[in-house]
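**Q** Sequence:
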Amino acid sequence: MTVDPAVFLDRDNTIIANDGDLGDPSLVRLLDGVPAALKVLRDAGFRLVVVTNQGGVARGRYTEAAVDAVHRRIAELVDQATGLERTIERFYYCPFHPEGVVPEYTREHPWRKPQPGMIVQAAADMDLDLTKSFLIGDAPRDTEAGRRAGIRTVLLTRDADRIARAHADFVAGDFAEAAAIVMRKRHEPFVPHDIARTESRQTAATRRVRLRTRDEGAERIRKAVLELADELRSERNRRRESSPIRFVATALVLASLLTATFAFLNLADLQSFARWGSAAVLALLLAIVALLVDRR
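Residue numbering for the sequence shown is 976 to 1271, as defined by this note's numbering.
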C-alpha cells in the first residue's frame, strides 16, 4: 500500500474570501492566486484536502446542506480555473460549536480545530503520509491542529500578533507564497513537533528558577545573621558592662546561626529548608527585640 503526501487547506480567508458565516454558494469568491498555486501543488503530487470549522451550523446560521453546496461551488470554480478534475479531492468540516443554539450541534468535538481530528480522519480515509504533509491556514487554531497531527504548518498572515501566537513552522504573506514554501520544503526531512520535550524544558526552567530563588533566600538569611553578629560585637565594644538582656540576645543570635546552618545543610529538601530557615528568622527577630529593649 502506498501513502501520499497532502496539503491540508483551511477554507475561509485561506482559499476563499469570507468575512462572516458563508452559507450561500453564489457568494463564493476564490482569493487571488489560489487556483494557480493549487495546480502547482497538485502537479507536484500533493493531494489537496480542505479541513474547516463550520460552527455556523451549530449557531443556526445555515445548514449542513448549505455547507455542502458551498463546497461544491468551490470545487467547481477551482477545477474551472486549473483545468483539472477534483483539484481539491475532499472537504472535511466540523459543524459543532460549544456555544451553538441548535442542540444536536452544540458541543465540543474532536474534529473542531485546534483539535486534529479532521486531519487524522482524512489521513486514515485517504492513506496519507502525514510526515510528508503540510497545512496552510490563516489562524493559530489551524496551525495548532496541524502541529497536534504531526505535520508542518504554514501560517497565512502578515499580522505580528497572530504570528507570535501561532507557533507555525513557516509564515507566508499570501497563498502563492505559502505554496512556494511547501514546494521548497517538501524534500527536507521532517522533525516531528516534540510538545512533551518542550513542556519538559519549561518544567526544568521553572525548577531552576525555584532553586535560584531558594538559594537567594538562604543567602539573605546568612547575610542578616552576619550583620546582626557584627552589630552585637560592636555593641559589646561600646558597652563593656554585661546585662542579662544582652546575654539573651547573644544566645538568640547563636541559636539563629545554628538553625541557619541546618537550613543550608538541607537545601535539597525544600520543606526542611523552610522549617529551619523559619526558625533562624524567628531567633533573629527575638534577638533584635532584645537589643531594642536593652538600648532603652
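Mixed in with the good hints there might be a few duds.
[Claimed, not checked] Per label pair, the in silico range of CB-to-CB distance: (1) T1081 to D1054: 29 to 37 Å; (2) E1074 to L1260: 48 to 56 Å; (3) R1140 to L1229: 51 to 59 Å; (4) A1099 to V1015: 23 to 31 Å; (5) V1015 to E1074: 24 to 32 Å; (6) D1149 to D999: 23 to 31 Å; (7) A1135 to T1236: 49 to 57 Å.
None of these hints come from the bench; they were simulated from the model.
A quick note: this is a predicted structure, and the numbers were derived from the prediction, not measured.
We put the CB at the ideal spot given by N, CA and C, even for glycine.
**Q** For each hint, tell me whether it holds in the structure or not.
**A** Here is how each hint holds up against the structure:
1. At about 35 Å, the CB distance of T1081 to D1054 agrees with the hint of 29 to 37 Å.
2. One distance hint, 48 to 56 Å for the beta-carbon pair E1074 and L1260, holds here, with the actual separation near 55 Å.
3. Our hint of 51 to 59 Å for R1140 and L1229 holds, since their Cβ atoms are close to 57 Å apart.
4. Checked against the hint of 23 to 31 Å, the C-beta distance between A1099 and V1015 comes to roughly 27 Å, which is consistent with it.
5. For the pair V1015 and E1074, the beta carbons lie near 39 Å from each other, so the given range of 24 to 32 Å is not met.
6. Distance hint check: the CB atoms of D1149 and D999 are about 25 Å apart, consistent with the given range 23 to 31 Å.
7. Against the hinted window of 49 to 57 Å, the Cβ-Cβ separation of A1135 and T1236 comes to about 53 Å, which satisfies the hint.
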